[in-house]
Amino acid sequence: MSIHIPTSLDDALALLHELPQVQLLAGGTDFMVEVNFNKHDVHDVVALRRVTELQQWHHDETTNTVTIGAGVVYAEMEHGELATLFPALAEAARTVGSPQIRAAGTLGGNLGTCSPAGDGLPVLFALDAVVNLASHRGTRSLPIGEFMLGPKRNALAQDELVVSISMKTNSGWQGYAKVGTRNAMVISVASASLVLDTVSGTARIALGSVGPTIIRCTQAEQWLQTHYDISARKDLDEAIATEFGLRVSQESRPIDDHRSTAQYRRHAVGVLAKRLLQRGCVQ
Amino acid sequence: MSETQIYSLRVNGKLREVTDAWLGESLLYVLRERLGLPGSKGACEQGECGSCTVVMDGAAVCSCLVLAASAVGADITTIEGLTDGALTDVQQAFIDEGAVQCGFCTPGLIVAVHHLLDNTPKPSEMEVKEALSGNICRCTGYGRIFAAVTRVIDQRAQQ
Chain D
-7 MSIHIPTSLD DALALLHELP QVQLLAGGTD FMVEVNFNKH DVHDVVALRR
43 VTELQQWHHD ETTNTVTIGA GVVYAEMEHG ELATLFPALA EAARTVGSPQ
93 IRAAGTLGGN LGTCSPAGDG LPVLFALDAV VNLASHRGTR SLPIGEFMLG
143 PKRNALAQDE LVVSISMKTN SGWQGYAKVG TRNAMVISVA SASLVLDTVS
193 GTARIALGSV GPTIIRCTQA EQWLQTHYDI SARKDLDEAI ATEFGLRVSQ
243 ESRPIDDHRS TAQYRRHAVG VLAKRLLQRG CVQ
Chain A
-1 MSETQIYSLR VNGKLREVTD AWLGESLLYV LRERLGLPGS KGACEQGECG
49 SCTVVMDGAA VCSCLVLAAS AVGADITTIE GLTDGALTDV QQAFIDEGAV
99 QCGFCTPGLI VAVHHLLDNT PKPSEMEVKE ALSGNICRCT GYGRIFAAVT
149 RVIDQRAQQ
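Going line by line, the protein sequences match chains D and A. According to the working numbering, the first sequence is numbered sequentially starting from -7. According to the working numbering, the second sequence is numbered sequentially starting from -1.
By construction, these hints were calculated from the structure, which means they are not laboratory data. It should be emphasised that the depicted structure is a prediction, and the values quoted were computed from it without experimental measurement. C-beta: ideal position from N, C-alpha, C; glycine also. One thing to keep in mind: the hints can contain errors.
To be clear about the criterion: a stretch of chain D counts as covered by chain A if any three or more of its residues have a C-beta under 8 Å from a C-beta of chain A, and this derived list gives those stretches [what the hints assert, rightly or not]:
#	region
1	22 to 35
2	38 to 48
3	147 to 157
The following block holds chain A by itself, in its conformation from the complex:
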């Protein structure tokens, strides 16, 4: 590859071509600035805040720490790919429980919660806290966020 060689990423089930991008760009940057998917947020750019969380090949990772051009061949799901328009149960629970204040951490948290509950439908309180320990929220104090997760767990158990 030369410095701006075209490559393609599989994002939310679609093969998306990345053109005119510097090869050192992070996946977060490419998603937001090249592919028109600004749902993933960038705050720390060093893997500490979790606001850029996406699911790659089944694992929740910080997209700011993925070299985009090295993710060729991977399956990437962003916050935009969780739903085709209607709110997911997790998003609705965040609204209903007041788990959103400034909202900057919310997309990363929503992706992390979906990833947790897809793999562990009935997590313990400790498992929820551990799963969200890489997503930093400076507004809510987490109480409302944990309440939202509990609500989803209960709702899904009743279905």
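Here chain D stands alone, though its shape is the one from the complex:
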């Protein structure tokens, strides 16, 4: 085994090309748990925390696009400019583990692990994020829905890494909500992120921990758009919110596991969707 600490993206990509069985290490908050409990062997590790290109983010105001480096830690999304641009991402970031975990954990790591319970992922789905990948062969960009393929499975090739995530800023409202056994330090039982775009009059809702991947509820979105004026975000009937919640829960595909039951998750995610819609329409 070997451990490599490249300081540039080119060096990291060269290592991925040269070494046949590389394990990428971002914040370590998933990886080291597996190592500490002997659940996986350590082979050739490429640690990404010193790759400066991955630690940066920028806002292109001409295209309203924000590109966040894969190595930007959750602590950076909780407050400040990124939190203002993407309030839903900030809300999700604040629910990730503890301050110690948020100081280490990254969006790139969330995408690399690709757990359906990854706290940042529903927000990326609701914001129609694009995942930018690179290898020594070149670069490509995938819509988030094509990147995440299943529980802990993604479209990364063996010699590829996530460089950044690009998302458009939106006019309107966005939020995130999660159910877990307590506020700090829990893996979500069910989560949801809702984006209300007042310019296009459209809604996007994505669910976490209630299916093999993050789930976009396109039917519930369509229904809401035809039954409620999202551009105005006013006078939301309780009945509309309730129906939206029910329709969202019908699109979830949860399972029973050690954290919860499918029945509870289906119910909870509908409640989250209803509450998010009510929160987004109160102002």
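With chain D held as given, fit chain A onto it using these hints.
Coordinates of chain A only, in the frame set by chain D:
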């Protein structure tokens, strides 16, 4: 690096050589078992308890979740590096307020409190609770711990 290649970590201002270590070892393990710094405690080994908290490149992190060999080049401060012998004001306040019972969580809490107050000298009650939410104490019920933090905030404000 081969499986036991020598590497060096900058811990508490000193460059420390790590020899004969398996490359998959966590920073917590290396600190305790290789470098003779047993102040950081290991309980959960999965980032849930905070008893292994150290400051790395200005951020409070769980040392059990840092691959030690990947921390080459980083600045690491452990509980041992907060003082050269005398108690810090935070440690003294923990004693004076009775914020220590079994003591296992104490080093992680002390590091977390120093990190908080170094960056936010006058935190609100919510900020204190949030900053310590990753440090689990099963004895005190936190009342004495928050009292100790308040005491330090007041003392430092008077200086």
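Checked hints:
Chain A is given as covering the region 22 to 35 of chain D, and this holds because 7 residues of the stretch bring a CB closer than 8 Å to a CB of that chain, at least three being needed. Against chain A, the region 38 to 48 of chain D contributes 3 residues with a C-beta closer than 8 Å to a partner C-beta. That satisfies the three-residue criterion, and the hint holds. Coverage of the region 147 to 157 of chain D by chain A is violated [criterion: at least 3 residues with CB-CB distance below 8 Å; count 0].
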